[in-house]
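*Asks:* Chains as they are written, first to last, in this note's numbering: chain A, 1 to 254; chain B, 255 to 508; chain C, 509 to 821; chain D, 822 to 1134.
One or more hints might be untrue.
Pair ranges (Cβ atoms, derived) [as the list claims (entries may be wrong)]:
(1) A:Lys131 - C:Met509: 52 to 60 Å
(2) A:Thr146 - D:Val953: 50 to 58 Å
(3) B:Asp338 - A:Asn151: 50 to 58 Å
(4) B:Glu266 - C:Arg516: 39 to 47 Å
(5) A:Arg192 - C:Thr810: 20 to 28 Å
These aren't lab readings, by the way, just hints derived from the structure by calculation.
C-beta atoms are modelled at their ideal positions from N, C-alpha and C, and glycine is treated no differently.
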Amino acid sequence: MKQEIVQIHSLEYLTNEILELTFISDYLSSVAKPGQFINIRVGDNFPLLRRPFSIFNVEGNKISIVFNVIGTGTKVLARKRKGDTLDVLGPCGNSFLLFIDDSFDTAFFVGGGIGVAPFPFLTKHFPSHKKIVTYLGGRHKKLIVTKGLKNIKISTDDGSDGFQGTVLDLIKKDFQENDYGKIRFFICGPTRMMKAVANYANTINADCYASLECDMACGIGLCQGCNIEVIGGERKYKLVCKEGTIFETKTVWL
Amino acid sequence: MKQEIVQIHSLEYLTNEILELTFISDYLSSVAKPGQFINIRVGDNFPLLRRPFSIFNVEGNKISIVFNVIGTGTKVLARKRKGDTLDVLGPCGNSFLLFIDDSFDTAFFVGGGIGVAPFPFLTKHFPSHKKIVTYLGGRHKKLIVTKGLKNIKISTDDGSDGFQGTVLDLIKKDFQENDYGKIRFFICGPTRMMKAVANYANTINADCYASLECDMACGIGLCQGCNIEVIGGERKYKLVCKEGTIFETKTVWL
Amino acid sequence: MKESFNLRNVEFKNRILVASGTFGYGDEVPDLVDIAKLGGIVTKSLSMKPRDGNPSPRITETSSGMLNSIGLANIGVHKFINEKLPTLKKSNSTIIANIAASSVEEYCSVLELLDGQEGVHGFEINVSCPNVKEGGLSFGTDVKLVSLITKELRKRTQKPLIIKLTPNVTHISDFARACETEGADAVSVINTVIGMSVNINTRKPKIATTTGGLSGPAIKPIALAKVYETCNAIKIPVIGIGGITSWEDAVEFFIVGASMVQIGTANFINPATGISVVEGVKQYCEKNGFDDVEQIIKSLQTDKTISIVDSWL
Amino acid sequence: MKESFNLRNVEFKNRILVASGTFGYGDEVPDLVDIAKLGGIVTKSLSMKPRDGNPSPRITETSSGMLNSIGLANIGVHKFINEKLPTLKKSNSTIIANIAASSVEEYCSVLELLDGQEGVHGFEINVSCPNVKEGGLSFGTDVKLVSLITKELRKRTQKPLIIKLTPNVTHISDFARACETEGADAVSVINTVIGMSVNINTRKPKIATTTGGLSGPAIKPIALAKVYETCNAIKIPVIGIGGITSWEDAVEFFIVGASMVQIGTANFINPATGISVVEGVKQYCEKNGFDDVEQIIKSLQTDKTISIVDSWL
Ligand SMILES: Cc1cc2nc3c(=O)[nH]c(=O)nc-3n(C[C@H](O)[C@H](O)[C@H](O)COP(=O)(O)OP(=O)(O)OC[C@H]3O[C@@H](n4cnc5c(N)ncnc54)[C@H](O)[C@@H]3O)c2cc1C
Ligand SMILES: Cc1cc2nc3c(=O)[nH]c(=O)nc-3n(C[C@H](O)[C@H](O)[C@H](O)COP(=O)(O)OP(=O)(O)OC[C@H]3O[C@@H](n4cnc5c(N)ncnc54)[C@H](O)[C@@H]3O)c2cc1C
Ligand SMILES: Cc1cc2nc3c(=O)[nH]c(=O)nc-3n(C[C@H](O)[C@H](O)[C@H](O)COP(=O)(O)O)c2cc1C
Ligand SMILES: Cc1cc2nc3c(=O)[nH]c(=O)nc-3n(C[C@H](O)[C@H](O)[C@H](O)COP(=O)(O)O)c2cc1C
Ligand code: FES
Ligand code: FES
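Just chain A, with the same shape it has in the complex (with noise of 0.2 Å):
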């Protein structure tokens, strides 16, 4: 992990909402792993904390995230240009690569809104004998970033895009028409979200990774700030930032 200055490449509109910020860096490009997100200082002085953000792709010594403006901080982020810099923290966090092994055929990538961020990096590094399904569920079609991704199954809320609905929805009815083997569904978004998807995958049995969301003071486990309480075990609580995202979700109460 390293805190670095970088320099904006580019940024530009995914969509009409979400944006996609490019900088360089040889560092986090050759070190960085799918599900792990960078911790980035938006601003010399406002707002005080970083914003954490999921690696959205890796691609020779550049580095990208996705964001919509819905706050200060990416407020703020979507007004720098190139050749601006950066004061980002990582990589943070684990990966789902540590959650990839033989005792399945298809992964279910679900995708709520924003939450899309780390699958196309993940994509990339899938093990190319297994199966994918991508599963992304917006509010509208703007929400909807398909970059980088394979075999995509869209749902909005207002049918403005592909399966009008919830993105579970969309999982029941295509796991229903198709035979996908042995799941294992991997998944990221909106709480709400990620509750009822997991407790989906309970009931067909299928192992279910989320990763989490949550507020976060330093992202690298100094602050204790991002507790999420813990299923049975030892401790009553792990955090979020450093012993996760990536938690199964059978787990941890979500």
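Fit chains B, C and D with the ligands to the known structure of chain A by using the hints.
*Replies:* For chains B, C and D with the ligands alone, kept in the frame of chain A given last:
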């Protein structure tokens, strides 16, 4: 006085260190008077308080200010670009025009560093039958702005432009070498410089009017934070933002 | 949508006021703000005699805040009555006169002078003033003195009497209870937090009086906690103050239990903040199906399973 | 240039430490920070038994600050001694063990366990903990309890004993004096300020325990004022804490009177803040012709003509 959201028309370097920012305002360009200032909210959240800037020029419906990057606010301002909006409140304070009458022949404009700011606009509106001499002092060449000024005499601490020495030395020398008739000083700059010039004005029996600077929370008389001690008079203090910023130097403790 | 609030028979158009010392005497910003749209105006603190206030520098910016030591510079109660009140009366605004003093007697005399004035609708008492008899210690940090001041002033007026508490005490609720007991109609929470700032080049304090009062967004979390503590201790209304710059901030104070709010430092940045807060609060209520702002007051959803004993910081 | 500082025979390389709860046990960031360059490390508060800490959410951002209610989650003193101390010993750092407890007895027992450990160079006592006997009221707001804790702990150690005071009291100097009287070697000023924040959509507090501790740049002016008050009340060294993010901030604390400083929240944003503060302070001293940091300590230039009685806010 109004609070307006205006659009930036241009932002360019006048010297290596000094920027001119121009924006469009029908209102301000029609009512502003030389010596007045506007109070700019440079960022949404940071810094908290507005920053006051003298009106440097008015051309058509365009207003401009000049500044150098010295702290948090000017750093944010320097990163703006054409088309960005700016929240400005003004015009604030009194005008140099209040202090122009028949009892002098020559106006000595004295600008220390960025204190040059009000003089181009004042030059434009100065009665044409009066003589103007403009003395500019700065640490070095990169801090000297001559745009829009008349009859300019320059001093720099390091001699990189014009006379080497303080602006007061330059004035003294010039005063001894020439006959300017009855002189009135109009000055703006660092307090230490203004004190020295005001004292000298006294010794040569010239009136002296200074545009004062101080930290301001509101710029419009609400906070009472910008007090200056008055010499004699009924009240102990006056408010720089409302009762100034221009005072006859004999009437206040600089 | 009901926005108004009634305190001891005085009707406030809405629950958003401007705070003492941050809006002059209400006559400074006529072009910029239609003050009749505000719930009310709290005047700059008034003392018996005019006060020059403190030497400069009196203010300095801090991270998301500012320090001030104006020293309660004011024109004095007589001049206020003669020169300011006549115009204020015509403004169709609810006027709360804020009173500052350096002795209990002075509080009483200033209030008595103002009580007879028709244009003065109520009083807010600034107890964050140095008690000259006690060598300058603040009245506001001594429960007995705050009780005494409330009691004496209550005897002298039938108009709303609001005591403005200082946050610079261990248990603000003790002070709030004392005010309630002695008959105050409401308490205002909070005045500024003591703070300081140093210029490392000159090694001088950045404000002449060394320490000053911290205000602005930086103190909002502190103010909210103090308002919460106070609202849980007393039944009379609490007026929330501290770092409010938006309607969202005001709603936080209402949820925590404030019956009204005041806007201070934000007026320096945007003198029309109050008006936009009035608008925003109204829209929030409408959007969420409330037909009276009262319905959001003290509506905080806390987790009852977490006890104080467990909640180490 | 002398940077070191001596406290009861313990030599601190320099006067910049990292604050309790903001740097783990000193072993979290080896790649990012060379901890041997710091003046010292104050550990996360240690209690007798491991503590899970509070439910989530535990943190939230505020304007230039953050609120936390970690609940002193820690591995317990035994695990600290067995698992953390051996590596810390090798790090060539000065280690101050911070102790938290829910009874006077627990403070004593934890200190006794650590006192025998060679790698522990001194103690900082976190008195901002709920006193279980008193229904959860903080020890730190009761002068008698702070006296008692200091007295009992002093009997039990010859190592530096530092009491860390809470700012949430009317007169912090009363507490500092009590610590001095009972034999403390220094006081740390300040711990976090009580604050709160509300989500206006869910109407729930933004941290699970409703109120939490405010830290970061927002509280720097408050911390400076508390350090100033404390330094004027006692002769033992004061360790300044609160909102320090740069060497300039640290210099402000030194000028006001702090003998050492600690960096807290800033570590979350930049774990190497301490190192850059060490560098910056050194350069400031060199540039200004000081050959010992001591020379800037308590060098504030105040205007003696301004009296407290005159300095109304
Ligand atoms: C491990 C991890 C990885 C992450 N990866 C990504 C990523 O790849 N891309 C990404 O964009 N974000 C990601 N996030 C979230 C990201 O860190 C920021 O929290 C987010 O971008 C918002 O930051 P902000 O400063 O703009 O908003 P803030 O000013 O911090 O405000 C956020 C607040 O806005 C509110 N809010 C949340 N959603 C909405 C909404 N839809 N509408 C209105 N208000 C809302 C909530 O109160 C929330 O607390 C990740 C978070 C974590 C912990
Ligand atoms: C009526 C009025 C008119 C003004 N007109 C102008 C104008 O036309 N142009 C203009 O540029 N400014 C003008 N100023 C000053 C301006 O408002 C800002 O204070 C200034 O630009 C710095 O703001 P900042 O936020 O960048 O600095 P801040 O972050 O506020 O820091 C300023 C601080 O920097 C320090 N400082 C000051 N000078 C220096 C220096 N040379 N090097 C290092 N540190 C220094 C001081 O501690 C000062 O308090 C005017 C002020 C007033 C009151
Ligand atoms: C410049 C200034 C002057 C103030 N003057 C007074 C005053 O005269 N009387 C008073 O009771 N409070 C005074 N206050 C305190 C405010 O009314 C308010 O309680 C405090 O600033 C916190 O609110 P804010 O964070 O919204 O500013 C003053 C505050 C500021 C910033
Ligand atoms: C997340 C967090 C955890 C903390 N944990 C402790 C602790 O365990 N013990 C303690 O004495 N202080 C603790 N503190 C207080 C800090 O040590 C420090 O006193 C305070 O944060 C003010 O300094 P700052 O503004 O630099 O953060 C904690 C602070 C934070 C932000
Ligand atoms: S975010 Fe600080 S420990 Fe996880
Ligand atoms: S700056 Fe507020 S009154 Fe002058």
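*Asks:* If you test the structure against every hint from before, which numbers come out violated?
*Replies:* 3 and 4
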